[in-house]
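> Could you build the full structure based on these sequences and the hints that come with them?
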Amino acid sequence: MKPAPFQYLKARSLEEALAAKAALGDDARFLAGGQSLIPTMNFRMAQPTALVDLNGLTGLAGIAEQPDGTIGIGALARHRDVERSAVIARWQPMLVEAVREVAHPQIRARGTLCGNLAHADPMSELPAVMLALGARLTAQSVSGQRMIAAQDFFRGVFTTALSAEEMLVHVAVPPLQAGTGTCFLELARRKGDYAMAGVAAVVTLDDRRLCRSARLAYCAAGETPVLAEPAAGLLVGAVIDADSAAAVGTAAAEVLAPTGDVQAGADYKRHLAAVLTKRALLAAADRARGA
Amino acid sequence: MTNRHFGAPERRLEDPKLLTGRAVFTDDIVRRDMLFAAFVRSPHAHAAIRAIDTAAAAAHPSTVAVFTAADLGDVLRDVPLVVPPPPIDGLVFNKRTQRALAHGKVRHVGEPVAVVVAHSRYEAEDAAALVTVDYDPLPVAAELEAAAHAEAPQVHDGVAGNVAAIAHQMKGDYDAAAAQAAVVIRRRFTYEHGLAQPLETRGVIAEWDSGQERLSVWASTQAPVSLRGGLADMLGLTESRIHVVAPFVGGGFGSKLLMYYPEEIVIPWVALRLGRAVKWIEDRAEHFVATSQERGQIHDAEIALDANGVILGVRDHFLHDTGAYNPYGLTVPINAQCSVLGPYVIPNYDSRFTAVFTNKPIVAPYRGAGRQHGVFVIERLLDLAARQLGMDVAEIRRRNFIPPEAFPYRNGITFQDFTELTYDSGSYGPILDRLLALVDYDRFRREEQPRLRAQGRHVGIGIVSYIEGTGIGPYEGARVRIESNGRVTVATGVGTQGQSHYTTFAQIVADHLGVPTDAVDVVTGDTDRFHWGVGTFASRGAVVAGNAVNEAAEAVRDRLIAVAAEALGCPAARIVLEDGRAVDRDHPDKTLALGDAARRANPMRGAVTPGTQPGLEETRYFGPDAGTTSSGAHAVIVEVDPETGMVEIKTYVVVHDCGVMINPMVVEGQVRGGVVQGIGNAFYERMVFDAAGQPLNATLADYLIPTAMEAPTITLDHVTTPSRQNRIGIKGVGEAGAIPVGPAFAQAVEDALAPLGPGLEVLDIPLSPDRLWRLVDRAKQQCGARQIDALTMT
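Those protein sequences? They're chains B and D, same order as listed.
Residue numbers for the first sequence, in the numbering used here: 1 to 291.
Residue numbers for the second sequence, in the numbering used here: 1 to 794.
If you're looking for bench data, these hints aren't it; they were derived computationally from the structure.
A couple of the hints might just be wrong.
[Stated by the list, open to error] To give an idea of the chain B side of the interface with chain D (calculated C-beta under 10 Å), a few residues:
(1) M1
(2) F43
(3) R44
(4) Q263
[Said to hold, decoys possible] Stretch by stretch, here's where chain B covers chain D in the computed footprint (C-beta under 8 Å, at least three residues):
(5) 117-128
(6) 683-690
(7) 703-713
(8) 766-775
Here the structure is a predicted model, which means the values were calculated and not measured.
Where a beta carbon is used, it is the ideal one built from N, C-alpha and C, also for glycine.
Spelled out as structure tokens, the structure:
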């Protein structure tokens, strides 16, 4: 369990890091927290020719609220920073709820939100949360910046819309509308394990407490995080109660394609997704009523 | 002698070192010019080796040497059988042990085929990746039941049906008993494969000193003395020319006991061959395929009872998965066979097992070592019988306990230590009574459970009893010496992996010699410090080595008193030992410090006369004629979410009896750790192989062991029934906690889900949420939809 030989470059500036990546291409990887990358290298499943270490860079670790209520999270913001951010707790509590399910405190102290998203593990909680919250991701390379919607970012297992030259430098989470409640729920065998099923629910109620809009996104549900738009759409105009939530759960589960593993069969995972959807929608609606 | 330390819950003397990072483990040891080894391991469960090409690996700039089986010469032979099978009439036993490197064939994934030695582990792995082995894959016998078929692929040529052993033990006449029975329950029980996960994996460092002509080996092992013996055999060296040290060892649980692992032979051989120190540290990926595993058994069992729930007899025919080789003999299946009898009077017993070779890693004891399986079978049978008879689960156990006046109780079958399975003492009824009181069983049944069920919650309780055979021979020894500075040194050969021997052995000695425990230095696991011994396994360290320590300390005490009496000019009867001094009871101002007594026993003139020896030092050996039998009962209350299959442990209570306790805090630590391991066994740990013998979950992300967050609060109490097998009345406790958790958990889950109908039975362990959901689903179908809808709406 030692990595294959690789070259190590400690970047002194963002420009230098991007230039190195442009020169080295796909075979080079950025090193932020390393909590997913290093284990896969130790198993020799990943054998990058070079690591470009970002940890010496300044100015990328910030979490900031913008005037329109959007929350910006920089490339080197650790999970622990997200978990402990007062701004995020105040305006995007689901992100805190979800990040607490990411592994263990030691791993969260080092791993980064952007690194997690760029790794694009469909088992991970955070890509699903970004889909549910409609986040916008900023990619940067030597040729400049571009914005990618979360919905367009995740392309497959460990595959994103980033080009070989690009770094995910920033994530912007737009503010929730008034009357919105959110809830992230997952079931894992043990605390900190990858979930057997997980759902991020965002529910906005109107003045009559009927559902104005709903978004549901799932981890552990296929090759990418899955946004279940048609199922969530069933709720629009409806009262969110045990029956309607259960019906949406059943509908949503039908479009999911979880992979069975030694812990849990695909049918069981799909069943769990339906149960969690019901529970998350009810909790999110409760919170929306209190909002 | 007053017991100031023996029996007290004293803090562990080894902890300051461990907690401040000063404890030296195998990987901490660095030798001059040390090289590093990496093994090339089989990716196939079964294949012929056509050719091995090491040229590219040898050409790697960092490579020092590459070796395969062809290089091993005389060392390439089957390793000795560690534990021969016990003498059982009609026994079939086919010995097939592993070799230092695979030759001709590989028989499980992970079997070592070549070793690469380089200047760092990183480079050794780079070079190992360059070794190409031309394999010809062979049909695989992976699944236990399939491997047992007569026409299954043969793991070893000429062993039809992969029969490693067949053992049939009987007493009475089960068929006649069953013919009289009011109730006969018959089920199939499956206990799945698993393996120990010590925090520290295995590791070996070896160094040849050509000046002294001695081989030094540092190994993370449970049995350094036995390892020395095996190395002497395999390498053709005099035992005294081999020095084996087990430094601090980060847990073993049996997995560091399969004496003569290939790496334990290859690394010393390489060190001899190269004349350089060589280090190999097992990584976690290797651990999953290179270290012994356990647990896999399938039992077809039945129990016959009269209408009052009294057991008339038990029949159990089972398959035991022994993996690709069987160096550890029959310890695990014999333990399972004996453990079915439990704390109960079972007049008629018919038990037959077939141990089966499979293309999987070697099976050897893992904490519990077969006892879990036997306990699971008998406890589950009793639960099902109680259900059928409409009887309380505690009551059916009480009606079958061996009564206190029946000890020593002879079971009429042979145990793993070759003696008749005999229980020295026990208090099974009082243990259960105490347990039921602590968990407030009657109130739970009468008030708590009905109240929670009315709220739609699924809460249930499990109550199980068990015994644990502990403290078996053959022997251990100890040497106790009073040093010239007044400190006391205790040396023994058992080895220690976290069992607190540094503390408990010091407690035994301290009272005898009137010194504080921190004046006692315990040395274990160094063959140069104590030559004789066997090893730490089978919950035997405290009992067997502890009694040797006790007897050696008593003997030193006698000599100390004689020296002091002479020095102080008083009769020996007046000498009192306290605060590190010998005192004349009648003249408290007349004292002799222990260090001075030691010097007096070793003067420069006239020290040794015929029939005497210098110093205050004695060595004693303790070899019990049979083991000690610990016992206990566990209660668990769980809440099940029938929608998801998730289970939460609400309450866990243990009442345990390991005889007289040297240190209750150490006992409690052993039991608590065992319970958490048992929870792993019951709900998490499951090593899965596919039909090709490939492990499917060989990482700690996929092989689930419970963490602190899955560990419940455990309430613990003791009943003390002294052992009749040794003078200090102690019994073993190492494995107890882990043994009965599976059936307790299964019973509690069934009880929680009883409102779903009578069809839900937990017969396979470990359970998982997925499995439980499927069981609930099946029960629903059996019970009819309407009834269930009412239940799950809540």
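> Hint compliance check: list the failing hint numbers for this structure, sorted ascending.
Going through the list in order, the structure violates no hint and respects every one.
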